Amino acid sequence: MKAIVCVKQVPDTSGKVAVNPDGTLNRASMETITNPDDLNAVEAALKLKDETGCKVVVITMGPPPAEGMLRELLARGADEAVLVSAREFGGSDTFATSQILAAAVKKVGLEDDDIVFCGRQAIDGDTAQVGSQIAEKLGVPQISYAADIKKEGNTVTVKRMLEDGYMTIQAKTPCLLTCIKELNAPRYMSLSGIMDCYAKPVAVYEYNPLQDDPLIDPPTIGLRGSPTNIFKSFTPPQKGKGKMLEGADKATCETLAAELLKKHII
Amino acid sequence: MDFQLTREQQLVRQMMRDFTENEVKPIAAETDKTSTYPRDTIEKLFDIGVMGMIVPEQYGGAGADDTCSAIAIEELSKQCASTGDILATHNGLCCGPIMANGTEEQKQKYLRMLTKGHKVGAFALTEPDAGSDAAKGTCVAELQGDHYVLNGSKIFITNGYVADVFVVFAMTDRSKGTKGISAFIVESSFPGFSVGKHEEKLGLHGSPTAEIVFTDCIVPKENLLGAEGKGFKIAMQTLDGGRIGIAAQALGIAEGAMEESIKFAKTREQFGRPIAKFQNTQFVFADMHVAIEAARLLTYKAAAVKASGARFTLEAATAKLFASEAAMKITTKAVQIHGGYGYTKDYPVERMMRDAKITEIYEGTSEIQRVVISGNILGK
Amino acid sequence: MAEFNNTNLADFSGVWVFCEQRQGKLQPTVLELMSEGRKLADDMGVELCGLLLGKDVDGMAKELGAYGADKVYIADSPLLETYTTDAYAKVICDTVMEKKPEIMLIAATNIGRDLGPRCAARLHTGLTADCTHLDVDVEKYAAFLKEASTLPEAQIDALDRSDRNLKMTRPAFGGHLMATIICPRFRPQMATVRPGVLKKSEYDEAKANAVVVEKLSISLSEADIETKVLEVVKEAKELVDLTGAEVVVSVGRGISKDVETGIKLAEELASEFGGVVGGSRAAIDSGWLTADHQVGQTGKTVHPKLYIALGISGAIQHKAGMQDSECIIAVNKADGAPIFDVADYGICGDLFKVVPMMIDAIKAAKAAK
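Protein chains in written order, with our numbering: chain G, 1 to 266; chain R, 267 to 646; chain W, 647 to 1015.
Simulated from the structure, these hints should not be mistaken for lab results.
Keep in mind that this is a model prediction, so the values were computed, not measured.
By construction, the Cβ of each residue, glycine as well, lies at the ideal position given by its N, Cα and C atoms.
Watch out, some of these pointers could steer you wrong.
So these bits of chain W aren't anywhere near chain R, every CB distance computed over 12 Å [stated by the list, open to error]: (1) Glu693; (2) Glu727; (3) Thr728; (4) Thr741; (5) Ala916; (6) Ser932; (7) Lys979; (8) Asp996.
Distance windows between CB atoms, simulated [stated by the list, open to error]: (9) W/Ser863 / G/Pro64: 51 to 59 Å; (10) W/Pro798 / G/Arg27: 36 to 44 Å; (11) W/Pro724 / G/Gly68: 50 to 58 Å.
Using the sequences and the hints, build the whole thing.
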């Protein structure tokens, strides 16, 4: 039994965000982090490991430095890691990414009682698409927005959040779950995890080890295989500066109320 | 020569930053205000193996090096010097001497308690009339059959009213001065052990400081740490190690104060521009940076020398002296940069300034560090 | 590659809107999509169709018509009463492969964002998530860019006027960038659209009466559904309807000193306007408010008549979710806070002192009116 977790390294958009003059993101100048929702996915897998002793394998697609993130996840308690990295995979949109990650999951080996965990969405694109698309490519059921997960035998019961409530859904393994913040609180790396993480295996899947998979076809991966293309990217203009009111006292608030009255807001 | 942290040390820093940001920063002001021991935080630090991280794996630790421990103390102290202090004491002053001097049985039992067992450790040397001058100690241990009987009291004991395991120094032969001092591992559950006065302090309000009292306290013979009469040597060795921890704590406090000041100086506008735009402020930051950088290099160097197994007394004293005085200067400047706000509890810099002061005093005052340093340079 | 997509792009025609319903109730955001779909269909000179799945949902067709649908395809089955990814994806993909629409719009609700990618993957086409602006007509797109971008005019004027791709614009990287995405080689061009962003048109009685309903004959059995819904629970607690609110009072890190009082003040202030309370990411991450209160890039986008930001510094993620509000008031201790850059009225001060005075002043102003 395995818990396979797909993770992504993302620029930390919560801090300073640098934009190049041409309107693209200056990734080089930004700190990278493990995508926050993916940490919830890793935690869900590690909880399953705590309960069942299953193996936890983390997979990411990205440039070679993404190995650093994988080591961190190994230090949190994952057992093995896979870095999917090849020039051919560059420029993939969500569709093409899911082709490649699904092929990688198959190469790791998806067995009957395995679960694939993904984060709901990544903070760089906020698409929430790759998880569902991997599930489709693997031909397994998906449950997204998981806020609670229970596994008994081959049955997984999940509390799936909706905007106005939730559903309780059951599926048989193998299946894919996308995880949200409410699911759990990700654990920290442990000291012994840090001391051990460089001794754990990190496999690198380049193009060759995956190319025999029918999903890995030049017209369906990378920039060329991506159905969507960026037509334009641009920065929005800043709204003009408003008015700072004098002071912060009773008179200030009365001035404000008068303005709101004038604007028919009151 | 390599000034890069190892990849493990880098991960420790990253993890501790993460931990401090999420677990320590949000409660630091409250911990100080209410003088509360941050029990949950310490439990979590046990969970992830930071408490007792330097203990070898076979005794329940992670086998981290001294630099990792210094980094952990530094990162915690950026937001809460009290939490840094509790860790520094536990790792450096309790796990440290047991690792270095304990028998296999003592290590198996006590190091495991101090790691996997979630038991907090402490170090009890100082007495009312014997601070840096340990030979004046009046706490005595008398061998009676299969146990020692301890009588006397120790003051200013960090972790005093929360610790379960104490490394205690007592006179087994008063006629021999420092050569008559022996070290013991004492559990708070031993009969005759009690906690006295809880100290009210200028700073480090979250760090539980207390007097501990031995009244015919029964300590099994096998809890003698090292040989009889070796206590003073053990204490001095331990303090050398502990000073690296205090240097790291002071470094963290200084860094925290500088970060707060940068944030403030960039947003605080006076005379139509952020105060960070005034050269007068800029120069203060330049000086802060230089001092912090130097303190960090001295601290990590001391840790690296210790890890190499070489004598590190001089390096530890140098780092501790420099880092603690830098922390005091920097936190004072940080309050100044904050102006009136800095004097209020709305900003953390006044707490940092109060916390910084102790680093110039405990585990050997700045004056004692100068004695140690000059003694090492000039010879006795 | 799905076979149907190997065929000629010109075989695809029409704009479709997936009409999400829950427990027999149409999701209100569907009407926003229908209104927008109408404009796109008119620009292209094609039909606008709704795709409605459920059990006994015929009654919704009229309303869909009123907001623009020429035709509503209805798949009626007990197996479609409650949403499951498997059943819905199968029926939608089968129908799309048969009828070949050119554009397919789905509301970016939790359900839409579960369904959309599954369908796009099966149909072998592109999907653009969480769009905030859609255009086919290049003139209109150019006008949008002139308004909403900092691109040089020459670049906008150089756009190919004959381009007929759906230009799907969405925020990226936490709102720091906007990206317009196209799907030139595959059909349908699919987009999920963020609720609350597009404007609903007026109810049109004549259109409502003219709507054509076509029942789909579908092939769907229990065996197609691998997930079993054990229960659907409407959360007992009132979830905040941030997107529909006319007034939103949000709190941020600035209330950390006394969270309880901070939230209470925000509630009192909001109640003066009949508004609701929201929060910045910091307020949600700290656990002061639940996730449904979050305004910003990762939360809800709001454009109320009045937005009041209390103790919110105005990180760009937050601004992305509220800067289009008609009137913005910000109270913050730091006079350099970026929130003041988008505020119509800024007060630099301690919210715990300012807000009670503000409430009094508003009460007084109301009384004097």
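Here is how each hint holds up against the structure:
| no. | hint | result |
| --- | --- | --- |
| 1 | Glu693 | holds (53 Å) |
| 2 | Glu727 | holds (43 Å) |
| 3 | Thr728 | holds (38 Å) |
| 4 | Thr741 | holds (48 Å) |
| 5 | Ala916 | holds (26 Å) |
| 6 | Ser932 | violated (7 Å) |
| 7 | Lys979 | violated (9 Å) |
| 8 | Asp996 | violated (9 Å) |
| 9 | W/Ser863 / G/Pro64: 51 to 59 Å | holds (53 Å) |
| 10 | W/Pro798 / G/Arg27: 36 to 44 Å | violated (24 Å) |
| 11 | W/Pro724 / G/Gly68: 50 to 58 Å | holds (51 Å) |
Violated hints, in rising order: 6, 7, 8 and 10; the structure is consistent with all others.
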